[in-house]
Structure formats: structure tokens, C-alpha cells
Amino acid sequence: MAQPVKLVVVSAGLGKPSSTRMLGDRLAEATGRQLLDRGVEADVHTVELRDVAVDIAHNLVTGFPPPGLRAAIETVTRADALIAVTPIFTASYSGLFKSFFDVLDNSALTGKPVLIAATGGTARHSLALEHALRPLFAYLRATVTPTSVYAATGDWGASAGAGDDLAARIARAGGELADLAAGLPRAAAAPAAEFEEVVPFAEQLAALRRG
Amino acid sequence: MATVLTVWGSPSATSRTGVVARHVAARLTADGHDVSTLAVRDLPAQALLHADFADPDLRAALARVADADALVIASPVYKAAYSGVLKTFLDVLPQFALRGKEILPVLTGGTPAHVLALDYALRPVLTSLGADHVAQGWFVHERFVSVEGAMEAEGVAPLEELADAFSARLRRPAAVA
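The listed protein sequences derive, respectively, from chains A and B.
Under our numbering, the residues of the first sequence are numbered 1 to 211, in order.
Under our numbering, the residues of the second sequence are numbered 1001 to 1177, in order.
In case anyone wonders, no lab produced these hints; they're calculated from the structure.
Be a bit skeptical, because a hint or two may be false.
[Said to hold, decoys possible] Have a look at the derived ranges for each label pair, beta carbon to beta carbon: (1) B:Glu1148 to A:Trp156: 49 to 55 Å; (2) B:Gly1130 to A:Asp51: 30 to 36 Å; (3) A:Gln204 to B:Ala1113: 38 to 44 Å; (4) A:His131 to B:Thr1014: 29 to 35 Å; (5) B:Thr1014 to A:Asp43: 30 to 36 Å; (6) B:Gly1032 to A:His131: 37 to 43 Å; (7) A:Asp165 to B:Gln1136: 38 to 44 Å; (8) A:Thr75 to B:Ala1153: 45 to 51 Å; (9) A:Gly15 to B:Asp1042: 40 to 46 Å; (10) B:Met1001 to A:Gly157: 50 to 56 Å.
[Unchecked claim] Residues of chain B placed beyond 10 Å of chain A at every Cβ, according to the derived structure: (11) Arg1041; (12) Asp1069; (13) Arg1143.
Where a beta carbon is used, it is the ideal one built from N, C-alpha and C, also for glycine.
So here's chain A without its partners, still in its complex pose (with noise of 0.2 Å):
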């Protein structure tokens, strides 16, 4: 088998327990049992910023991040791939988990593959992952799986099955990461006979100035 690959989920949940840190365990187990499917271990670590947030606003202040922040930081940094998920406050993800990615180098994600997740009262602010997470994550030059998932608090209590929405969510964008994580192309999304039927451009540009 190959090295495993160091998955590191970040979680911005404030409460005990958090269903933002549901969420983010559900994509690590979707990530790494999708992961074993393709010969690959995952190694899990969590970071909980709520265990750092103090840290985080005195590194802010300082600019020396106290130990428990290193070895936070040092975690994220050394990722194969990582899991941010954060709880949606006023249309946009945490002060919280902003501070913390605030304080990583511009560099610390450069190139990673990261999936981004959230959690919020309603469906209504699902679109803060695709205009404040995706974004924040592109200024940092990471690779954002194509899916994100959002779990507002209804979402939770769908038994699982065909009308089970975010679990097929989870286990999509678990799929996006594996693939990401693993080094392998994601599936293509047209089967290849499609494209024989294809006339080459020229081709068609031709037969019009034979027509």
C-alpha cells in the first residue's frame, strides 16, 4: 500500500458537540474510506480551533503563535489534504476560523487539496462556501474540490437513504478529496465513446468552403 495520506480536518465549532465538527468527520470517513478504495490510508487529525481561539487573538496581537497554535498551524501546513469546515455567521464563515487562516503564510496551502464545508440554521446561506470560503481558499492558491457541503440544521435528521441529500453530498465531495489526496485524475465526467462521433473543426470548417 501507499504512504498514507495525512488528512487533517479543521473545525471552527464553537459548541459541545458541534455539528460542524459532525460534518467535518462525516467528509473525513467519506474522504478516507473512499480513499481505501483507491489502495490508499488516511492518517485523521483534527484541529479544533475552539481548543486555540484564545491563541489566535494573541498571535494576532503578537505575532508569535504560543505552542498549541504551532503545533495547530504545523499540522494544517504539513496536510496532505485538508477538510475546513466552519459554521456560517452573518452570511460568511466565522471571525474564528478567519483568524486562524489569517495567520497560516500565504503559502502554508499552496497547491493543497482542501474541501470546504459548513454548517448554518437554514439552507439560506449555503452560497457563503462558493462567495466567502472558495474564495478565501483561491487567494491562498489551494485546490478546492468541486463540490462543497453545506449542512443546514434540517439536513441532520434525513434518515439516510434516496432522499438523503447531504449524505450523497458528503460522499461526492469525499470522492473529490480522494482523488485529489491520492494523485489520481478525477473520473471523466463524459464517458469517451461520446467524443468519436466528434468532426474535427478544421474538418467542418472545410466542408463549408468545399459547400
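Starting from the known structure of chain A, fit chain B onto it as the hints suggest.
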């Protein structure tokens, strides 16, 4: 005359954001408004990050927001958006804390490439807090501002114009309930 609260979200005590925020505050004061300044970094970090509403300093800060007719919201640009420090304070505000208030957003940053952070990152957050009106804001390039407090007129003149327009708006009878 309106009651204006200037909130600035730089982690540093000697920040260009603070210089710019105080400059806008002084301009609004000169125009007759009752202006005070709140630096998020001065709030107790523990209470702020864990939303401890029993903390007297945090409660006082929230009361100042509630009492204001208008707010100037100032932040440095970090990672192409407003600072996490500013966001920690916005997170503890009630859901529609800015309802009925006029807002002037101001950013400082090191590259003009991040000017749009004002309209693409900060403005939606202020809108979601229920602000009645988020005025035209301004991004001040940090090369126009020294941490000692000096500012170059060329870089700050557009902000001053917007601050004056904001001030005039606050004078309209409808603006202050």
C-alpha cells in the same frame, strides 16, 4: 447630529486601519456628529471568541452598537478579505444589529488588486446584518498612510469626499430616527 461609532478590526495597536478610522472619525466630529471609536483588539479575546455575553466589556461594546445611528466599519485586508478580528466582533452582534443604521465601510490594504474585497467580501456581511444603507466605501492603499498617523492627501481625498457625503446623509431628518 448623529451618534456614530467607528469600529476597526486590526489586531495591531499602531495600524494604518486605525489611523484611517480615526481620520474619518475626526472629520465626522468636525462636522458636528457625536463620534466614538471601538477597537476590536481592546475587547477581551476570551469573551469575544466564545460569545460570552456575561462579560461587561463585551456587553458595553454591544450597547454602543445598539445606540449608534451610524457606524464606520474599518478593516485591514487579510487574504483578500476583511480581517478575522473584525469578523469576531460582527459575529457576536444580534442577527439584525445594523437595522435602521447607516454604514460607511473602509478597508486598508497593500495592493490595489484587493480593492474589490470591499464590495465582494465586506458589503455582503454588512447587508446580512440588516443595514439600512451601506454607503459607497473606500479602499485606502497603505502606502498613503504611515502608522505614525501621517496621510498623503492624494490617497485619502476620495475617502474624505465619501465621509463628507456620509455626514451629509446623516443630517437628513429621515436618517436619524
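Hint by hint, here is what the structure shows:
1. B:Glu1148 to A:Trp156: 49 to 55 Å: Once the Cβ atoms are compared, 53 Å apart, the range 49 to 55 Å for A:Trp156 and B:Glu1148 holds.
2. B:Gly1130 to A:Asp51: 30 to 36 Å: holds (32 Å)
3. A:Gln204 to B:Ala1113: 38 to 44 Å: 41 Å Cβ-Cβ, so the 38 to 44 Å window holds.
4. A:His131 to B:Thr1014: 29 to 35 Å: holds (33 Å)
5. B:Thr1014 to A:Asp43: 30 to 36 Å: Roughly 43 Å apart at Cβ, these two residues miss the hinted range, so it is violated.
6. B:Gly1032 to A:His131: 37 to 43 Å: holds (38 Å)
7. A:Asp165 to B:Gln1136: 38 to 44 Å: Since A:Asp165 and B:Gln1136 have Cβ atoms about 40 Å apart, the given range 38 to 44 Å holds.
8. A:Thr75 to B:Ala1153: 45 to 51 Å: holds (47 Å)
9. A:Gly15 to B:Asp1042: 40 to 46 Å: Distance hint for A:Gly15, B:Asp1042 is violated at roughly 27 Å.
10. B:Met1001 to A:Gly157: 50 to 56 Å: For A:Gly157 against B:Met1001, whose Cβ atoms are near 51 Å apart, the range 50 to 56 Å holds.
11. Arg1041: The claim breaks: B:Arg1041 does not keep its Cβ more than 10 Å from every Cβ of chain A (closest is about 6 Å).
12. Asp1069: holds (21 Å)
13. Arg1143: At about 19 Å from chain A, B:Arg1143 clears the 10 Å cut-off, so the statement holds.
In this structure, the hints that do not hold are numbers 5, 9, 11, in rising order.
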